Amino acid sequence: MECDKAYDLLIEREYGHLQESVQDELSSHVERCEPCRIEAASLDELASTLDRWRVPNPPPMLAALAVERSLNLPRHASAAEARAARVFAHLGLGLVAAALSMILVAGSVPRLSIPALSLGLIGAVWAAMYGAAFAQALHRVLRMRTIARTALLGAGLVVLAAPVLSIPSVVDACRQLFAGARGSFGLNMLLFVAGGLYTGIPIFVSAAVCGRALETTSVNRGGGHAGVLFAILIAPAVYIQCAALALGLVATWMAGSLLAAVAGPTAGIWVATRIAARQA
Amino acid sequence: MEADEVLMVRAQAGDREAFGSLATRYETPLFRFFCRMGAETDAAADLFQETILQLYERLDAYDPARLFRAWLYGIAHLVWKDSRRQAARRLERLTRWATLERGLPEEPPAGQDLDAGLDRDLIGVAVRLAISHLSEEHRAVLILRHYQELTYPEIAEALGIPVGTVKSRMHHALRGVKSDLSRKKVLEVG
Numbered sequence: 026m027e028c029d030k031a032y033d034l035l036i037e038r039e040y041g042h043l044q045e046s047v048q049d050e051l052s053s054h055v056e057r058c059e060p061c062r063i064e065a066a067s068l069d070e071l072a073s074t075l076d077r078w079r080v081p082n083p084p085p086m087l088a089a090l091a092v093e094r095s096l097n098l099p100r101h102a103s104a105a106e107a108r109a110a111r112v113f114a115h116l117g118l119g120l121v122a123a124a125l126s127m128i129l130v131a132g133s134v135p136r137l138s139i140p141a142l143s144l145g146l147i148g149a150v151w152a153a154m155y156g157a158a159f160a161q162a163l164h165r166v167l168r169m170r171t172i173a174r175t176a177l178l179g180a181g182l183v184v185l186a187a188p189v190l191s192i193p194s195v196v197d198a199c200r201q202l203f204a205g206a207r208g209s210f211g212l213n214m215l216l217f218v219a220g221g222l223y224t225g226i227p228i229f230v231s232a233a234v235c236g237r238a239l240e241t242t243s244v245n246r247g248g249g250h251a252g253v254l255f256a257i258l259i260a261p262a263v264y265i266q267c268a269a270l271a272l273g274l275v276a277t278w279m280a281g282s283l284l285a286a287v288a289g290p291t292a293g294i295w296v297a298t299r300i301a302a303r304q305a
Numbered sequence: 003m004e005a006d007e008v009l010m011v012r013a014q015a016g017d018r019e020a021f022g023s024l025a026t027r028y029e030t031p032l033f034r035f036f037c038r039m040g041a042e043t044d045a046a047a048d049l050f051q052e053t054i055l056q057l058y059e060r061l062d063a064y065d066p067a068r069l070f071r072a073w074l075y076g077i078a079h080l081v082w083k084d085s086r087r088q089a090a091r092r093l094e095r096l097t098r099w100a101t102l103e104r105g106l107p108e109e110p111p112a113g114q115d116l117d118a119g120l121d122r123d124l125i126g127v128a129v130r131l132a133i134s135h136l137s138e139e140h141r142a143v144l145i146l147r148h149y150q151e152l153t154y155p156e157i158a159e160a161l162g163i164p165v166g167t168v169k170s171r172m173h174h175a176l177r178g179v180k181s182d183l184s185r186k187k188v189l190e191v192g
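In order, the protein sequence lines correspond to chains B and R.
For the first sequence, my numbering gives the first residue as 26, with consecutive numbering after it.
For the second sequence, my numbering gives the first residue as 3, with consecutive numbering after it.
In short, the hints are calculated from the structure, not lab data.
Owing to the predicted nature of the structure, the values given are computational and were not obtained by experimental measurement.
Think of the CB as a built atom: it goes at the ideal place given N, C-alpha and C, for glycine as much as any other residue.
Treat the hints with care, since some could be wrong.
What the hints assert, rightly or not - Listed below are the simulated SDA-like cross-link pairs for lysine to any residue, each with C-alpha atoms no more than 20 Å apart in a straight line:
(1) 186(R) with 69(B)
(2) 30(B) with 169(R)
(3) 169(R) with 41(B)
(4) 186(R) with 64(B)
(5) 186(R) with 134(R)
(6) 187(R) with 73(B)
(7) 169(R) with 40(B)
(8) 83(R) with 158(R)
(9) 30(B) with 40(B)
(10) 186(R) with 63(B)
(11) 83(R) with 51(R)
(12) 83(R) with 66(R)
(13) 169(R) with 44(B)
(14) 30(B) with 178(R)
(15) 83(R) with 48(R)
Stated by the list, open to error - Chain B regions said to be covered by chain R (calculated; three or more residues, Cβ under 8 Å):
(16) 31-40
(17) 77-91
As the list claims (entries may be wrong) - Stretches of chain R that chain B covers, calculated by requiring three or more beta carbons in the stretch to come under 8 Å of a beta carbon on chain B:
(18) 33-44
(19) 54-68
(20) 136-142
(21) 172-180
Can you build the whole structure from these sequences, using the hints too?
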């Protein structure tokens with residue numbers, strides 16, 4: 026055993042946990058090695074010296090005062106305020122997402138035709154993203170970096186697929202497909218609901234997962250992170266496809282998407298909170 | 003004695019007594035945590051109250067599958083960081099005024115806020131100063147591990163960082179304090 030490693034293990038022995046076999050190996054090294062013996066003694070001395078720093082006891086009745094102060098607060102009012110703040114925060118995020126989408130919609134002008142394979146690839150990309158989001162929710166892999174990685178993966182796949190999946194060609198195909206029904210109430214409703222679900226499901230799942238992952242910091246911040254991630258990484262891809270699919274009916278699709286972008290995080294956070302309460 | 007998690011579940015269901023028991027149980031540990039992080043006694047009392055208030059406001063957000071102690075220290079650490087941010091802003095404003103009015107230097111002397119004499123034991127004071135010279139992150143880990151006796155995984159959860167980072171911060175903090183105390187001849191060995 027080398028002395029550098031032994032030093033790390035000495036700290037681990039003092040403050041962490043060492044397996045018995047490692048402990049034996051360390052002890053035999055320390056017995057043989059003079060510098061490490063000094064290090065061990067020095068660490069022991071350091072630990073006992075640290076204990077010489079004494080701090081005063083809290084003033085009397087401190088906990089009782091704190092409890093009284095907390096219990097007398099109008100908790101329901103503050104919860105309502107927090108909820109209102111959350112809704113406004115998500116409204117802002119939804120508007121950001123909508124603004125991004127409008128820029129992208131304006132930029133995607135239909136020109137080309139589309140092969141069926143390309144539509145299939147779009148479906149596969151989104152299925153992978155949905156799958157990853159639900160897997161996180163079900164298995165409770167509550168890590169922001171996992172969510173970020175998933176979103177990046179989805180965005181990356183969309184970018185890689187872009188040369189094959191010509192967006193204008195999607196629009197063109199849809200235009201032909203819906204040529205007969207354009208302007209009908211039924212088609213408008215269909216696109217409204219589809220736009221809402223398309224946008225709402227990923228952001229709802231993200232918000233629910235983030236809400237639980239970040240509850241020690243702030244539930245609102247969890248929803249915020251989910252919304253920002255969505256707006257930056259997922260929304261553009263969603264709305265590009267929205268534009269492609271809903272040529273001529275963009276407003277209807279966008280209305281559904283915007284509604285979901287605002288309601289999704291709030292609902293997600295609400296569900297996360299309810300699940301936590303029910304587990305109690 | 004009922005486990006923290008059990009009391010917390012009862013508090014979530016509206017049991018005020020259970021909430022009170024939790025606050026009492028953590029009164030001294032949390033108060034001392036704030037003192038060791040660098041707060042004066044009055045400020046530590048305020049920070050404790052703020053932590054209990056935050057705990058109450060987040061009752062519904064607690065997941066009983068998680069270790070309560072780590073969760074609570076996570077809240078306390080956030081309360082501490084918020085207070086430091088506010089104090090830094092106040093100090094900046096005051097320093098600017100002082101500089102304008104009296105031509106004082108911009109930089110406050112190191113350790114200025116740590117000379118309130120919490121401890122008359124010179125070794126204790128040396129330890130306090132040595133720890134105060136650590137960075138905020140290293141100090142938090144050292145205090146949570148050595149004084150509050152949280153485990154590495156608990157600290158990781160409380161601070162929202164990986165266990166490996168907790169260990170490396172602990173090593174760094176110990177080296178820093180040890181070299182400081184050795185330089186001042188407080189430590190005899192090494």
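Report holds or violated for chain R covering the region 77-91 of chain B, Cβ cut-off 8 Å, minimum 3 residues. Satisfied; 13 residues make the cut.
Chain B covers the region 33-44 of chain R, three or more CB atoms within 8 Å, holds or violated: With 5 residues closer than 8 Å to chain B, the region 33-44 of chain R meets the three-residue bar; holds.
Distance restraint between residue 83(R) and residue 51(R), which requires alpha-carbon spacing of 20 Å or less: Holds: residue 83(R) and residue 51(R) sit about 15 Å apart, inside 20 Å.
Taking 20 Å as the top limit, are the C-alpha atoms of residue 186(R) and residue 64(B) close enough? 18 Å, holds
Assess, step by step, whether the Cα of residue 187(R) is no farther than 20 Å from the Cα of residue 73(B), and give holds or violated. Holds. Residue 187(R) to residue 73(B) sits at ~15 Å (cutoff 20 Å).
Need the status of pair residue 83(R), residue 66(R): alpha-carbon distance at most 20 Å? 25 Å, violated
Restraint status (C-alpha distance of residue 30(B) to residue 169(R) at most 20 Å): Holds, because 14 Å separates the two Cα atoms, which is no more than 20 Å.
Given the hint that residue 30(B) pairs with residue 40(B), does the C-alpha gap stay at or below 20 Å? 15 Å, holds
Under 8 Å between beta-carbons, do enough residues of the region 54-68 of chain R, three at least, approach chain B for the coverage claim to hold? holds (count 12)
Taken at face value, is the distance from the CA of residue 63(B) to the CA of residue 186(R) at most 20 Å? At roughly 18 Å apart (the allowed maximum being 20 Å), residue 63(B) and residue 186(R) satisfy the hint.
Given pair status - residue 158(R), residue 83(R), alpha carbons within 20 Å: Roughly 16 Å separates the two Cα atoms, so the pair holds.
Tell me if chain B covers the region 136-142 of chain R under the three-residue, 8 Å CB rule, please? Violated, because only 0 residues of the region 136-142 of chain R bring their Cβ atoms closer than 8 Å to Cβ atoms of chain B.
Hints 12, 20 from the earlier list are contradicted by this structure; the remaining hints agree with it.
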